[in-house]
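Enquirer: Okay, here's what each chain looks like letter by letter:
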Amino acid sequence: MERREVLMLGAGAVVALGLPLPAWSAADDAVMAYTGGSDVLEGGVTLDAPEIAENGNTVPIRVSAEGAEEIVVFAIGNPNPGVATFRFGPLAGSQEASTRIRLAETQDVVAIAKMSDGTFHRAVREVKVTIGGCGG
Amino acid sequence: MAENVKPRVKVPSSASAGETVQIKTLISHQMESGQRRDADGNVIPRSIINRFVATFNGETVIDVVIEPAVSTNPYFEFEAKVPESGEFVFTWYDDDGSVYEDTASIEVS
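Protein sequences, first through last, are from chains Y and V.
The numbering of the first sequence is numbering that gives the first Met the number 0, which starts it at 0 and goes up by one.
The numbering of the second sequence is numbering that gives the first Met the number 0, which starts it at 0 and goes up by one.
It should be emphasised that the hints constitute simulated quantities derived from the structure, not laboratory data.
None of these values were measured; they are calculated from a predicted model.
Note that beta-carbon positions come from the ideal geometry of N, C-alpha and C, so glycine has one too.
Check the hints yourself; a few may be wrong.
Derived Cβ-Cβ restraints for the label pairs, each shown as a range [claimed, not checked]: (1) Gly66/Y x Asp37/V: 23 to 33 Å; (2) Thr129/Y x Asn3/V: 22 to 32 Å; (3) Asp28/Y x Gly40/V: 20 to 30 Å; (4) Gly40/V x Ser93/Y: 44 to 54 Å; (5) Thr105/Y x Ser84/V: 44 to 54 Å; (6) Thr118/Y x Asn3/V: 42 to 52 Å; (7) Lys5/V x Glu41/Y: 37 to 47 Å; (8) Ile43/V x Lys127/Y: 21 to 31 Å; (9) Glu100/V x Arg61/Y: 24 to 34 Å; (10) Gly66/Y x Arg35/V: 17 to 27 Å; (11) Ala38/V x Asp116/Y: 44 to 54 Å.
Model the full structure from these sequences, guided by the hints.
Expert: See below:
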């Protein structure tokens, strides 16, 4: 009985501490602000990023989504989740772009594509960061 | 941060009509994120390139909104359609109001 109570207390503490994750809510707000609360479908967009980035100061990523008007990249665990917005013009050869980004710590990188039919699609990749790329 | 900013672009010199060509661009810029602190603990103010635009003969290829999470010396690689001969114009916009420009011509046969 005693052991069970201890376990229950432990579980309660995990739940209480686990809910208010500010990084998540800030990032969720950023994503919500972008999609306007619309449904975001999985797939239809490709996000390439290394599984392990030794240096968070410069992490190569590539996004691609056929038929996208724009693709937005968020780094969920950064102090500011926004990374970049790629808008493709009439002379874009493909809806694809590569760049290098900063990641403060191990985290999920999210790409959201806004398609020309108005739907949103999403891809997520976790990147493990050995040396963070934000603070001083 | 208007000094030591040097744009570089890589564009093929020729292509066939309607072909898709690969473009690489890089601009040397510290991209100060506004998150770092100096030795005295004061926040170093943000100073970044906040937008990059590539056009061909006046039509947009790509238009990128850039946040501080883009690395030092921002690098972009993308593809463009070239319907006829003409000129690419690449423009970078700095937080301090500076605008940097580079151009590249392509011969379409």
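Enquirer: Now tell me, hint by hint, if it's right for this structure.
Expert: Hints, one by one, checked against the model:
| no. | hint | in the structure |
| --- | --- | --- |
| 1 | Gly66/Y x Asp37/V: 23 to 33 Å | violated, 46 Å |
| 2 | Thr129/Y x Asn3/V: 22 to 32 Å | holds, 29 Å |
| 3 | Asp28/Y x Gly40/V: 20 to 30 Å | holds, 29 Å |
| 4 | Gly40/V x Ser93/Y: 44 to 54 Å | holds, 46 Å |
| 5 | Thr105/Y x Ser84/V: 44 to 54 Å | holds, 48 Å |
| 6 | Thr118/Y x Asn3/V: 42 to 52 Å | holds, 43 Å |
| 7 | Lys5/V x Glu41/Y: 37 to 47 Å | holds, 41 Å |
| 8 | Ile43/V x Lys127/Y: 21 to 31 Å | holds, 27 Å |
| 9 | Glu100/V x Arg61/Y: 24 to 34 Å | holds, 26 Å |
| 10 | Gly66/Y x Arg35/V: 17 to 27 Å | violated, 39 Å |
| 11 | Ala38/V x Asp116/Y: 44 to 54 Å | holds, 52 Å |
Hints 1 and 10, counting from the list given before, are not met by this structure.
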